[in-house]
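Engineer: Chain by chain, the residues:
Protein chains: 2
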Amino acid sequence: MADKNRKTRTKPRRLKGFRDIDAADVLARDGMIRRIRKVYEGYGFTPLETPMLEYVDALGKYLPEADQVDGGIFAFRDEDEEWIALRYDLTAPLSRYVAMNPLLPRPFRRYQVGPVFRVEKPGPGRFREFYQFDFDSVGTSSMLADAECCMVMCDTLEALGIARGSYIVRINDRKVLNGVLETVGGGQPLSPEVSANVLRSIDKLDRVGLEGVKALLGKGRKDESGDFTAGVGLTTSQIDIVLSYLGIESESCASQESRRTVCDELERLVGDSAVGREGVDELRQIDDALDGAGYGVDRAIIDPTVVRGLAYYTGPVFEGALTFEVVDDAGVTKQFGSVFGGGRYDDLVERFTAQKVPATGASIGIDRLLAALKMLGKTDTRSTTTDVLVTRLDENLTKQYQRIVAELRSAGVATELYVGNQGIGKQFKYASDTGKIAAVVMGDDELQAGQVSIKDLRLGDELSAEIGSDRKRWLEQQPAQIAVARDQLVETVRTVLKRYADV
Amino acid sequence: MADKNRKTRTKPRRLKGFRDIDAADVLARDGMIRRIRKVYEGYGFTPLETPMLEYVDALGKYLPEADQVDGGIFAFRDEDEEWIALRYDLTAPLSRYVAMNPLLPRPFRRYQVGPVFRVEKPGPGRFREFYQFDFDSVGTSSMLADAECCMVMCDTLEALGIARGSYIVRINDRKVLNGVLETVGGGQPLSPEVSANVLRSIDKLDRVGLEGVKALLGKGRKDESGDFTAGVGLTTSQIDIVLSYLGIESESCASQESRRTVCDELERLVGDSAVGREGVDELRQIDDALDGAGYGVDRAIIDPTVVRGLAYYTGPVFEGALTFEVVDDAGVTKQFGSVFGGGRYDDLVERFTAQKVPATGASIGIDRLLAALKMLGKTDTRSTTTDVLVTRLDENLTKQYQRIVAELRSAGVATELYVGNQGIGKQFKYASDTGKIAAVVMGDDELQAGQVSIKDLRLGDELSAEIGSDRKRWLEQQPAQIAVARDQLVETVRTVLKRYADV
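Going down the list, the sequences are from chains H and P.
Residue 1 is where the first sequence starts when you use this note's numbering, and the numbers rise one by one after that.
Residue 504 is where the second sequence starts when you use this note's numbering, and the numbers rise one by one after that.
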């Protein structure tokens, strides 16, 4: 065993699709979350925190096969051989919580922020652990609650510095979509499978255009890469009904003189479908409530093309989209798109309780929104929480350095004491690398002379990079550094910090 | 299939050892975390966020058996059949991160807060998902960093309202313990197994007393319930060495005239042991640094009985304990005990890199500390974030209610609009249940008269509980409710809120 004395090293690895988030990004994200929370709380939502792990049957929807990690969720067996999983969203755990707590105030209005987990193919900006920030009203069927969701979306985006006109909230209703499907079926409901495929085709309007949807509803569509997607197989007259429905969008929504006009057109289109008329009535109530609170079509429109992917929506659905343009990976200019999504899910708690518990809510994709705010320059850009480093030039003077730290802190200056083992050159590099603005230096000579030196690190950055850890040369050349009387320490540090106060 | 039309209900269940945290507790915890973060940041620590999931080999220490959930961690295989696990602490992922990022500033000083997961037997106050809040300095061997850990502990506890004198930071050094073990072994190191058992016995001093430790080091100990714990099997003279070591605690630490005295006694006790003398020297350096920053024995003492359980500590270890008394489940009065723990772990990154990366840090048990603060009445006790509910007495007046909400909010009054479906009695109950102070009511009569009513819910609570949803009776008896002119709305609401401003 020649290798016995050579220790085996473990390779440091991170799971694929996961990431480490550094100081600048955590600070930016937490600053964003704080502002969002303030808006949610202002509407009366209060926090709830459910566990990261749940029973798979309580999460519903997905079920893992045999003993494989599968079905889009991280699932495994616990010590009792039951399937448990990391939560894949915050809505399923909420419905489990409500079902377990029948005496909650109704509506139960909570917000929750935290990571959720999905086994997806990782890609740029696509992670397997990502943050959602949800708010929901459970136990009310009033459309006021849905309208409020839309208002919260608007207020949140504006609180984050996104100007009115740079975002839009789009509202639709699953019942209207179902009404259209009924009309397509000639008064008979289509099979669940055909219905789902029609909705999926409508949902692709953004990407494939009206002609693309037409092909998908009919015989199928070949994309630019030559891949063929099988069509739903509707007849020409059936397709025409869907296209005239989508036409409402292109004709009226673009101008959106009023949400009422769109509702009128939708009503004509759903004809005698009871569920369709119910959907239009819901949209009218939401329109009323938005009007009452002064949210015009510059902020929230009714858009018949909105579908939202989740299977559990039963009524109004809505999304908040950023309308400023970005260039995507393929070089195509397009709108940034949806960052906020939600809708009404009246059946989700019923799975457990046998009682109807109507509910509605929305969710922010925190990572995507943060990416948007970064593009717009609307995030905090700090990577540090202290402005000053007190260096240790001479180990024997540590008590002096500690006194300086205490003095600066009690004057309200955020100050770090260098607690590493390296020389003064590396200490300055450390100060710059960690984003400090000033460094305090004091050697024995200065102590004897009753002085202390303050270095402006941003002025001094280039120079110290050049000098490195050559202490002697450094002591000779220090243009960004001034020596002052010891009792002028705090004042001088403040002067240096003020130079960058607006950065 | 007679049951075909009866839907199968899923039982809403939560995993054992997990919990849902309600608004009051989330708000209290987050308020506490905010104050802790401020202290950590003041010392120059900045945030890092690592994933919830890691490769088991990167976490180290525990390894799951075959394909069972085992070994104290939630582990399972990913789609590539590799073992992954929920993190069981925040230190192991930190060392993985540092190993993957060799160009980080040194020392790398980060804080991280979040849940960690352990498969333990659940019990009162013991959960399988619990919060830790860590701060660490990686890449420095300076004892200043360890001393700073102790100062951060003191500052944190005081920032949370725990008075000086109600907590104590206890410091020891693993090298001193190893020195004592060497002396016990007559200059030869004891076997790792015997060493670990001796340390485990010392660690039980709190619970079993000096006589108990004596028994555990010798032939074994029978506890009150009659259970027998096998002893380490040391000789009488070996046991005497350990007892005189522990005696330092009872003789000097109780009075703690100075940490220096304890160091002198420890030095005598470790005799010629090189590692023991190194440990004493480290403690002297920490004492020096604490002195320099003005942290006396009223805040931090050297306590030879401190062991700390984790296997990876290599030098100084420390804990922050709350010294106020509580009565435990068995009716025994004792000190609340440790809430903060930490130490130096110079070998943890080396597992990956083959290079020494000395590191030190500490961790708060957030849940335990929160429990302590609750006992002391030092937490936020809010369960709401809005003070006023605008009720909807008459559905047709919704636009009026929306206007009232907007008016109150723009006056800075945190206001919720009732968006549920129930009558006015239930609306008042909702307002009380969600912690509101005042409710605004307006019927058609009031609208015609240019008036609005404000109800003081805390004055009115008892009454409305009695009346229930009987609207007519409610309208007759409303002592806590006053009608005012519509333009005095904001002023009147403010007057009601002021009554409870100091609550």
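The hints are simulated quantities; they were obtained by calculation from the structure and are not laboratory data.
By construction, the Cβ of each residue, glycine as well, lies at the ideal position given by its N, Cα and C atoms.
Take these hints with a grain of salt, some might be off.
Have a look at the derived ranges for each label pair, beta carbon to beta carbon [what the hints assert, rightly or not]: (1) P/Arg997 - H/Arg499: 28 to 34 Å; (2) P/Lys902 - H/Asp346: 48 to 54 Å; (3) H/Leu103 - P/Arg667: 39 to 45 Å; (4) P/Lys902 - H/Asp227: 27 to 33 Å; (5) P/Lys902 - H/Asp281: 15 to 21 Å; (6) P/Ala662 - H/Val484: 41 to 47 Å; (7) H/Glu120 - P/Arg997: 36 to 42 Å; (8) P/Leu606 - H/Asp227: 39 to 45 Å; (9) H/Glu491 - P/Pro608: 25 to 31 Å; (10) H/Arg164 - P/Arg997: 35 to 41 Å; (11) P/Ile985 - H/Ser258: 38 to 44 Å.
Engineer: Run every hint past the structure and note whether it holds.
Structural biologist: Quick rundown of the hints versus the structure:
1. As the Cβ distance of P/Arg997 to H/Arg499 is approximately 43 Å, the hint placing it in 28 to 34 Å is violated.
2. For the pair P/Lys902 and H/Asp346, the beta carbons lie near 26 Å from each other, so the given range of 48 to 54 Å is not met.
3. The hinted window of 39 to 45 Å between H/Leu103 and P/Arg667 holds, with their beta carbons roughly 43 Å apart.
4. Look at P/Lys902 against H/Asp227: about 52 Å separates their beta carbons, and that is not inside 27 to 33 Å.
5. Range check, P/Lys902 to H/Asp281: about 18 Å between beta-carbon atoms, so the 15 to 21 Å window is met.
6. At roughly 32 Å, the beta carbons of P/Ala662 and H/Val484 sit outside the given window of 41 to 47 Å.
7. With their beta carbons about 51 Å apart, H/Glu120 and P/Arg997 fall outside the hinted range of 36 to 42 Å.
8. P/Leu606 and H/Asp227 have their C-beta atoms about 43 Å apart, which keeps the hinted 39 to 45 Å range intact.
9. In this structure, H/Glu491 and P/Pro608 meet the distance hint of 25 to 31 Å, their C-beta atoms being roughly 29 Å apart.
10. Between H/Arg164 and P/Arg997 the Cβ separation comes to about 30 Å, which falls outside the hinted range of 35 to 41 Å.
11. For P/Ile985 and H/Ser258, the hinted distance range of 38 to 44 Å is satisfied, since their beta carbons lie about 40 Å from each other.
Hint compliance for this structure: hints 1, 2, 4, 6, 7, 10 are not met, and every other hint is.
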